[in-house]
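Peer 1: What follows is each chain in one-letter form.
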Amino acid sequence: MSDQPIIRVQHVIKSFGKVTAVNDVSFDVRAGEIFAFLGPNGAGKTTTIKMLTTLLRPTSGSLELDGLDPATHQTEMRRRFGVVFQDPSLDSDLTAWENMDIHGVLYHVPRRARRERTETLLRMFELWDRRDDLVKTFSGGMKRRLEIARGLLHTPKVLFLDEPTLGLDPQSRNQMWTHVRNLNQAERVTVFLTTHYMDEADRVADRIAVIDHGRIVATGSSAQLKQQTGTDSLEAAFLALTGTTIRDESATAADQMRQVARVWRR
Amino acid sequence: MTVVFILWLREVKKYLRSRVQIVASLGGPLMYLGVLGFGLGPVFRRAGEGSYLQFMAPGVIGMTVLFTAMFSGIAMLWDRQFGFLKETLVAPVPRLAIMIGRTLGGATVAVLQGTLIFVVTLIAGFRPASLLAVPLAFLVIALIAVIFSALATAIGSSLKEMQGFQMVMNFLVMPTFFLSGAIYPLEGLPKVLGALTRVDPLTYGVDGVRGLLIGRTHFGVALDVAVLVGVGVLFVLFGAWRFSKIEA
Numbered sequence: 675m676s677d678q679p680i681i682r683v684q685h686v687i688k689s690f691g692k693v694t695a696v697n698d699v700s701f702d703v704r705a706g707e708i709f710a711f712l713g714p715n716g717a718g719k720t721t722t723i724k725m726l727t728t729l730l731r732p733t734s735g736s737l738e739l740d741g742l743d744p745a746t747h748q749t750e751m752r753r754r755f756g757v758v759f760q761d762p763s764l765d766s767d768l769t770a771w772e773n774m775d776i777h778g779v780l781y782h783v784p785r786r787a788r789r790e791r792t793e794t795l796l797r798m799f800e801l802w803d804r805r806d807d808l809v810k811t812f813s814g815g816m817k818r819r820l821e822i823a824r825g826l827l828h829t830p831k832v833l834f835l836d837e838p839t840l841g842l843d844p845q846s847r848n849q850m851w852t853h854v855r856n857l858n859q860a861e862r863v864t865v866f867l868t869t870h871y872m873d874e875a876d877r878v879a880d881r882i883a884v885i886d887h888g889r890i891v892a893t894g895s896s897a898q899l900k901q902q903t904g905t906d907s908l909e910a911a912f913l914a915l916t917g918t919t920i921r922d923e924s925a926t927a928a929d930q931m932r933q934v935a936r937v938w939r940r
Numbered sequence: 101m102t103v104v105f106i107l108w109l110r111e112v113k114k115y116l117r118s119r120v121q122i123v124a125s126l127g128g129p130l131m132y133l134g135v136l137g138f139g140l141g142p143v144f145r146r147a148g149e150g151s152y153l154q155f156m157a158p159g160v161i162g163m164t165v166l167f168t169a170m171f172s173g174i175a176m177l178w179d180r181q182f183g184f185l186k187e188t189l190v191a192p193v194p195r196l197a198i199m200i201g202r203t204l205g206g207a208t209v210a211v212l213q214g215t216l217i218f219v220v221t222l223i224a225g226f227r228p229a230s231l232l233a234v235p236l237a238f239l240v241i242a243l244i245a246v247i248f249s250a251l252a253t254a255i256g257s258s259l260k261e262m263q264g265f266q267m268v269m270n271f272l273v274m275p276t277f278f279l280s281g282a283i284y285p286l287e288g289l290p291k292v293l294g295a296l297t298r299v300d301p302l303t304y305g306v307d308g309v310r311g312l313l314i315g316r317t318h319f320g321v322a323l324d325v326a327v328l329v330g331v332g333v334l335f336v337l338f339g340a341w342r343f344s345k346i347e348a
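Chains as they are written, first to last, in the working numbering: chain A, 675 to 940; chain B, 101 to 348.
The set of hints was computed from the structure by calculation and includes no laboratory data.
On a predicted model such as this, the values are computed, not experimentally measured, just so you know.
Do not rely on the hints blindly, as some may be mistaken.
Under the rule of at most 20 Å between Cα atoms (straight-line distance), these lysine to aspartate or glutamate pairs were calculated in the DMTMM-like manner [to be verified]: (1) Lys113/B to Asp806/A; (2) Lys114/B to Asp807/A; (3) Lys113/B to Asp807/A; (4) Lys810/A to Glu800/A; (5) Lys817/A to Asp179/B; (6) Lys260/B to Asp929/A; (7) Lys113/B to Asp767/A; (8) Lys810/A to Asp761/A; (9) Lys810/A to Glu111/B.
Output of the computed footprint for chain A on chain B, the stretches with three or more beta carbons under 8 Å from beta carbons of chain A [stated by the list, open to error]: (10) 109 to 115; (11) 185 to 199.
Virtual Cβ for every residue (Gly too), placed ideally from N, Cα, C.
Taking the hints into account, I'd like the entire structure generated from these sequences.
Peer 2: What follows is the structure in structure tokens.
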């Protein structure tokens, strides 16, 4: 692991009208590490990921991924990361193989490399036998694995995972993190993840940043956070840092659609 | 180019796989054709206008293309949050290539669906005046498809909530259909209605198809095509602009 930061965020502010979702945030992610970004609902996690993945522009401040500024080198930057969003982004009417193939075309992976790497990744994520099945026949865990495999197809330097284990059973979650750990070692890919499960962050993350009300309130390894707060679990440390008040966000359009999705899909 | 092609191919593949949807989407046009076509037929004939089936078959084809194209855009709203669209939005390719691939894909699906309805009208007894004009009529149908796919892309990029869907259906798609002269002749309309039909792009589409298939046209096929091409360029530019503004 090198100490060279692959992601550098400096004094980033993002406002939506009167609401400041991210308020003067600065942090570095080192190349090759697994970095967990934790915070209560509405703390600014997803907004930060959206800015790092070029979907949103910061109101002010600067961010860099592998030395590239999204404002000036958007396309080059996009080639260097893979992302698994909080909501699914697979085409469920296509097969696993077709989903991988389209991704390969979108990222300009040459045909032969595309085929070889698709096979490697589908085998790694135990989906090879199901490659010609439509994604809509997959379980939640399989879909998630396929999304991660797809995000790795173009050999990115950074993989963003926004709550990748949300809605999965403990078995699938356990398996998911084993996969993430393995590929972090095997591919030397930097992993930037968010999760609400503290035990997961404790288990897989090299370093953790805690964000609350749009500000970073602590950064460090799990052990450092526990020491800093004088607690014996990451969960307790997290509560000590962010308080116990429940965050009632007003529902957004996406939340409303998520509810409809729950009715129709399950 | 490969990007445009693969996104186009995706839309077409999905369409060909969705057999249930294909059959289901034939329901509406079939009802218009069967119930209105045969129900109003005798009145139409008594008014000295000839066969109503001949008259309205091009209108029903236009309607099918309109509905199919618009639905593909509404589906985009869902796709943006829970589907594949987001994946394409972070890919290292120009937004324009994505927009064109999607829009052409949606348009192709609409033309395929229109073709299916064309075959159905033939079975129901519709007879084009000249077979040579059929390919030309399909060029006009393709123009209609591109216009409404591009408009649908613009709407799909701008709407934020699923509730907007009802608004679009009731205040845009249905009026576009009913004001297009698909089911009644444009001659001798009350002034206001006449003026409204003239601002509806589908009017020129249906008129062009009708002109080519049964030789009956209100504006003349040349004017129809000119208007359609103009509106098409405008809507594609508008759609591309709205699509480039999507913030996921």
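Peer 1: A separate judgement is required for each hint: does it hold in the structure or not?
Peer 2: These are the hints, each one checked on the structure:
no. : hint                 : in the structure
1   : Lys113/B to Asp806/A : holds (14 Å)
2   : Lys114/B to Asp807/A : holds (14 Å)
3   : Lys113/B to Asp807/A : holds (14 Å)
4   : Lys810/A to Glu800/A : holds (17 Å)
5   : Lys817/A to Asp179/B : holds (16 Å)
6   : Lys260/B to Asp929/A : holds (11 Å)
7   : Lys113/B to Asp767/A : holds (9 Å)
8   : Lys810/A to Asp761/A : holds (15 Å)
9   : Lys810/A to Glu111/B : holds (16 Å)
10  : 109 to 115           : holds (count 3)
11  : 185 to 199           : holds (count 9)
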